[in-house]
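Please work from the sequences and hints to get the whole structure.
What follows is the residue order along each chain.
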Amino acid sequence: MQSWKPNPRAKPFIPRQQRSLYLTWKYKLTNQRAVRRFCQTGAVLFLLAMYVLLLCVPFLAPQTGAVLFLLAMYVLLLCVPFLAPQTGAVLFLLVTVIVNIKLILDTRRAAIEEAAQEYDEALPNMETPRRPQSGRKVLDIEVYSSRSKVHVAVDGTTVLEDEMREQGRGIHVIVLNQATGHVMAKRIFDTYSPHEDEAMVLFLNMVTRGRVLIFTVKDEGSFHLKEAAKTLLKELGSQVSLSLSWRDMWTLVVKKGGRVYGEKHSKSPALSTWGDPVLLKTEVQLTASEDAECLWPDTEMNRRRKIFCSKVEGYGSICSCKDPAPIEFNPDPLSENKVYDVPVAVIAGNRPNYLYRMLRSLLSAQGVNPHMITVFIDGYYEEPMDVVELFGLKGVQHTPISIKNARVSQHYKASLTATFNLHPDAQFAIVLEEDLDISVDFFSFLSQTVHLLEEDESLYCISAWNDQGYEHTAEDPALLYRVESMPGLGWVLKKSLYKDELEPKWPTPEKLWDWDMWMRMPEQRKDRECVIPDVSRSYHFGIIGLNMNGYFHEVYFKKHKLNTVPNVQFKKVDSLKNDAYETEIQRLLGEAELLDHSKNPCEDSFIPDTEGKTYIMYIKMEQEADSTAWTELAKCLHVWDLDVRGNHKGLWRLFRKKNHILVVGSPVSPYSIKKPAQVTPIHLEPPPKEEGAAPEQT
Amino acid sequence: MPRINKSVILALLTVTSSVFLLFQLYYYKQYLSKDGVRNFNSLSANDAQWQVVKKFLDLVGRHNLPVYLIDPLTLGLLTPHTQQLKESDSKGPSCKYFCALREFTTFALLAKLWKYDSALARSAAEKGFEFLELRGKDPRLAGMDDLSGTEIPLHFIFKLQSHAVHLVVFYERSGNYLWHGPLRLKPNMDRKFVPFRKLDFGHQAGAYDRPELLLTSIDGLEMRIPKNVSRFLGEVANSRFLECRYKEARAFYQLYPDDTSQEAVQFRKNAKTLLHLAARTLSSLGMRFWLSSGTCLGWFRQCSVIPHSKDVDLGIWIKDYRSDIIPAFQRAGLSLKHKFGKEEDSLELSFQAQDVKLDIFFFYEEEDHVWNGGTQAKSGKKFKYMFPKFTLCWTELVELKVQVPCETMDYIEANYGKSWNVPVKTWDWKSSPANVQENGVWPVGEWDEVIQVY
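Going line by line, the protein sequences match chains A and B.
Heads up: the first sequence at position 564 corresponds to 564 in our numbering, and the numbers run straight through without jumps.
Plus 1000 on top of the position in the second sequence (first one is 1) and you've got our numbering.
Label-pair ranges, simulated between beta-carbon atoms:
id, chain 1, residue 1, chain 2, residue 2, range
1, B, Q1204, A, M301, 35 to 41 Å
2, B, H1308, A, M301, 52 to 58 Å
3, B, R1191, A, M301, 31 to 37 Å
4, B, D1200, A, C294, 44 to 50 Å
5, A, G612, B, R1250, 55 to 61 Å
6, A, P333, B, L1113, 16 to 22 Å
7, B, R1062, A, V555, 52 to 58 Å
8, A, T157, B, R1250, 30 to 36 Å
Rather than coming from a laboratory, the hints here were simulated on the basis of the structure.
Glycine included, C-beta positions come from ideal geometry on N, C-alpha and C.
Right under this line is the structure:
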């Protein structure tokens, strides 16, 4: 018995008890009579005392249940002495045993808890030391304004530094949260240039009252700063805004609708020189966080709104206390929605305002399934992620690889791979970009057409975008085309195409290719076609972008038509299949009236003033690569003319004056056999180079 | 008399107390599988688990959570009685399965059919549950591209008094299987919330086939269970899942850019098709297999098929060998290229599919190592490739759930030496491997049997 050591930890405890018990027991054995007496009288009392002692243990030990259980055992054992006094001795032994067991169990439990550490996350302790919030309620702010550099520091942390040459001219504005001191928005308005002051006024009006505004000028900020903007600045609390003039340096820190924390101004002494640099140092008293928040009803949706509005500024009435803009839209569901379970990948960069507009239109489209949407953000940008979370969607961030086009291209690949990983059952994916509006019937369009991708091997994609679908050239919302190009801008990708063909040979990071150009290459497209609607189901609104600028957008994208009619039922969807489409084209060719080829196709009178008719014209096209005549025609039609898009076997289909026009490249197109022999295909020569832009374009 | 009795009594006492000690230990072990017995004297303890499970099922029913029972112990009790299950239900609430003294009951949640709703935590609290949600990284994003999303819920624990329900979230992965994550506590979490050590799931990540589910009633509670319980329980034991080492693979590709030539793309495509076909064929025979040699190296080093390897290598335990493997592959459209060795010694099969060869090596288990054999056709020489012992883990390669040795690094190092991380284009199977040994020569008389080349 003594040699039985259950556990080294139990050691200090047991011997003491054991010895005393053992002595009693020895004494009893050598003195039978005494034992009997003792048992009959004292033993029960003694045991009771023991029980009482043990009773206390539950209050000390955490696992009370165990002790209770043991007590139950004791009660059972209590009967034993009364039945056979001799066995009283056994009882003592048992008590020892029980105490031992309890100790084992206790140590075992400790071991279990230790072992649970295996489940700890292997995370280095990386918690960033944070300034205790309670201690300090004041922010130190430093603002610097000069010809070549602006700088803003909040509590010693630089939140803005711009000393790049030839960049960042104008008024920099920073919005801070008045309760936390977080930067909520950073904008720059080049008020040296026209209309930028209007944008600034718009922005400042949108900022919630109570926010801290920081202004600083770099280089020049007054040339096109008009009266309205100056007055607004004065209303905000500026003393000098009205007199701000050419090449003055200026800084201002104010609370919107509240006090001025500081303002510094240095006048430019002469036209050719700048004012001396100014450095403003001031302190801003932080307010209680409750004061910085609106009292929206406590719903799941408003909790998201609250988080969003405490972090960023510049999203209009989303954060309005009285009448906030909705962030849930609940559009009508579609009956028989075939794309309800198709994942939607939104490819995004760091253009959070665009993303906001995009997601709003996406979530308003009929038949949308928010659970299938994932936004893929190229880079660890916070604000786009805030927008994603505002709408309660899933966002994924991508460590940027490579540069420029290749970076976009790698981001596309990563996003598409992840989309099919996240939805292993999906056979398709819908691919969108952050600078698209989509039409209300976007999903209805896809739901009606997606089966074509399954049934017709000669299809490459289904796209919501018609490259030639401008306000004046698209007409029929229920009409579909087959085209040899890959329009992108809201399209459906088949998983097998991606997994078997595209993903394995996707351009590697060192190749600076556009992913869409790459997808359009013959090696990839392999003569397959895309199905598109006559009236686009997406609208490209992005003006800033990698391949985009204001002029380009104005000319090629602004007048693009976006369908606004809900619940359009497409006509003859199955006639879009390979062979059926040829039959359909033959039918069209049969009914088409020949246009007068002696007229100038750029003249308005070229197309008769009719409605709902089908006309045909032939243009010169000696070989597939010969696009001179088409390009010139496209220019005067004001459609996409930068490369050849939207054709099917040398045939373009578009609308003019509500008539359907078939443009056939002759003799390359197989459809040109229908051309009457006496008709000469129209040929348009490009204007001589020195004349510059074609006059039609004005 | 007292003197004689003393030793007798002493012996008797020792025996009784040891017996009692054993009894107590046994009893306590049972008791340990239930956490605490606070309501021991108030409620019937047996009832506690049943009550908690009932409340839990009410809760998930209200939130439309697609859950099913995966508790190995409860399902284990079920197996022999599955047939009588229906009859016993009608008899009334005789509590058979949910009344063992247990601390946990484990359920699975299918993530695909479930829309995350933060209201769950609130209504769990209303029902009196203490609620713990454990999140982790989404492995589906952790591919070659460095993506990071919001952490996904991996485990939930609903604790009510002495009993807890462990809800394991199963995610669909490419390769048509279900995956659950490991359970890892964040630094600020309560380590004693439940005895995590004793959970049946979550020690490691696991991979499972999609089970067919059966709606049934157990102890009067309606719930779903895997239709084929014994098959599911078999999976539990061997479910450990290894994620590919994407980070290392990215670093490898930084050093040795991937081959995206037409031939490489084509080979990978063929190898993928062949691997899928082999997996189908072998699983129809019920033969376990794992990625071996170059295919295993490709997975381990670059999470892909090595384009210049030109074949697909699989390993199979010789104890799993079935003689109908050759006709099965022939039916699947592959032709036997060669067969070396025999079932008793150094068996190796090779099949030809289009442009890719499928090599199947059979592994023989010894006391302290395992080995597979090689044979040189022209000389009849035998070779032996030695590996340290290993167990099998699941992983994913080319959209397929496959097994690899869990101790992959040891396996690869045995085969390729320490410099496995450097690509080698010329490889001689007779001399290059680090673990090759000459193993004598086949007796000429046996050549017809042990060297068959087609």
